[in-house]
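Number of protein chains: 2
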Amino acid sequence: MTKIETGDLHTHIFSFSQQEVKQFATLTGDTNPLHLDEEFAAQTQFKKPIIHGMLSASVISKILGTEFPGGGSVYLQQSIEFLRPMYVDKQYELRLVIKEIYTSNHSAIVETTIKDIASKKMTIRGEAMIMNEEYF
Amino acid sequence: MTKIETGDLHTHIFSFSQQEVKQFATLTGDTNPLHLDEEFAAQTQFKKPIIHGMLSASVISKILGTEFPGGGSVYLQQSIEFLRPMYVDKQYELRLVIKEIYTSNHSAIVETTIKDIASKKMTIRGEAMIMNEEYF
Numbered sequence: 000m001t002k003i004e005t006g007d008l009h010t011h012i013f014s015f016s017q018q019e020v021k022q023f024a025t026l027t028g029d030t031n032p033l034h035l036d037e038e039f040a041a042q043t044q045f046k047k048p049i050i051h052g053m054l055s056a057s058v059i060s061k062i063l064g065t066e067f068p069g070g071g072s073v074y075l076q077q078s079i080e081f082l083r084p085m086y087v088d089k090q091y092e093l094r095l096v097i098k099e100i101y102t103s104n105h106s107a108i109v110e111t112t113i114k115d116i117a118s119k120k121m122t123i124r125g126e127a128m129i130m131n132e133e134y135f
Numbered sequence: 000m001t002k003i004e005t006g007d008l009h010t011h012i013f014s015f016s017q018q019e020v021k022q023f024a025t026l027t028g029d030t031n032p033l034h035l036d037e038e039f040a041a042q043t044q045f046k047k048p049i050i051h052g053m054l055s056a057s058v059i060s061k062i063l064g065t066e067f068p069g070g071g072s073v074y075l076q077q078s079i080e081f082l083r084p085m086y087v088d089k090q091y092e093l094r095l096v097i098k099e100i101y102t103s104n105h106s107a108i109v110e111t112t113i114k115d116i117a118s119k120k121m122t123i124r125g126e127a128m129i130m131n132e133e134y135f
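Keeping their order, the protein sequence lines are chains A and B. Numbers 0 to 135, taken from numbering that gives the first Met the number 0, label the letters of the first sequence in order. Numbers 0 to 135, taken from numbering that gives the first Met the number 0, label the letters of the second sequence in order.
Keep in mind the hints are simulated off the structure, nothing from the lab. Quick reminder that beta carbons are idealized off the backbone N, C-alpha and C, glycines included. Some hints here could point you the wrong way.
[Claimed, not checked] Stretches of chain B that chain A covers, calculated by requiring three or more beta carbons in the stretch to come under 8 Å of a beta carbon on chain A:
1. 2-9
2. 17-25
3. 85-98
4. 112-123
[Unchecked claim] Derived DEER-like restraints, expressed as beta-carbon distance ranges:
5. B:Lys119 <-> A:His105: 24 to 34 Å
6. A:Gln42 <-> B:Lys119: 20 to 30 Å
7. B:Lys47 <-> A:Asp88: 16 to 26 Å
8. B:Gln17 <-> A:Gln42: 17 to 27 Å
9. B:Gly70 <-> A:Glu132: 26 to 36 Å
10. B:Gly70 <-> A:Glu99: 18 to 28 Å
11. B:Gln17 <-> A:Ile116: 29 to 39 Å
12. B:Pro32 <-> A:Lys2: 32 to 42 Å
13. B:Thr30 <-> A:Thr25: 16 to 26 Å
14. A:Glu4 <-> B:Asp7: 22 to 32 Å
15. A:Ser14 <-> B:Ala117: 17 to 27 Å
16. B:Thr30 <-> A:Glu99: 24 to 34 Å
17. B:Gln42 <-> A:Met121: 34 to 44 Å
18. A:Ser118 <-> B:Glu19: 17 to 27 Å
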């Protein structure tokens, strides 16, 4: 197991399909028409359906809990600013940077940002605090 | 449509099944064994598998986007403190309270807390900022 240190960076490229957005709506019951209804979305500032914020943010949790640092990570806190809409079939990059490690309670603060790869614009900005007894 | 005012409260009772946790893991790729592996979870402080934090938090988004205030809500920010683990087949109550309304940009700050109904203990505490052109 590689030791994780302050300043360490991990990136992950991802996208979601409209089918996955539909599955998330069914599973969570979040049927806000902004995510599912093309006609409704066309009349908003977004022009077309946008991905649920919580589905996009779930990528942060997935990577913290499976890749960086890895399995066993426990979420303590997450702040999220949804800066720009995110759309299906577009490529995004998650960027995680270790800001602080607290070895006394095996926790760390991680900067969590997502950007649109094509435009290079940030879509989500936030910070996580996680605990992982193996890595911190 | 009922006008929404500062101080208004909305509650929602919910639970998740292990099947729903598995579906969330499959959909998002968040296969952290803490959520899926009984043997792994038994060796942690939690003793049994816990619900993904982002799945629990998705209830906040669902209710903001479908019931209170309702369809068309756009997430601007969400902060979440995961205070205690949440388990499948247990009943929880989401409580939303309107803290501030900014009519100039149709947005509001909403206090978002979840408690375990049996123990009355808070499991999630946080705050959302949302925009909804119809209601604010």
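Of the hints stated earlier, which fail here?
-> 1, 3, 4, 6, 7, 8, 9, 10, 12, 14, 15, 18
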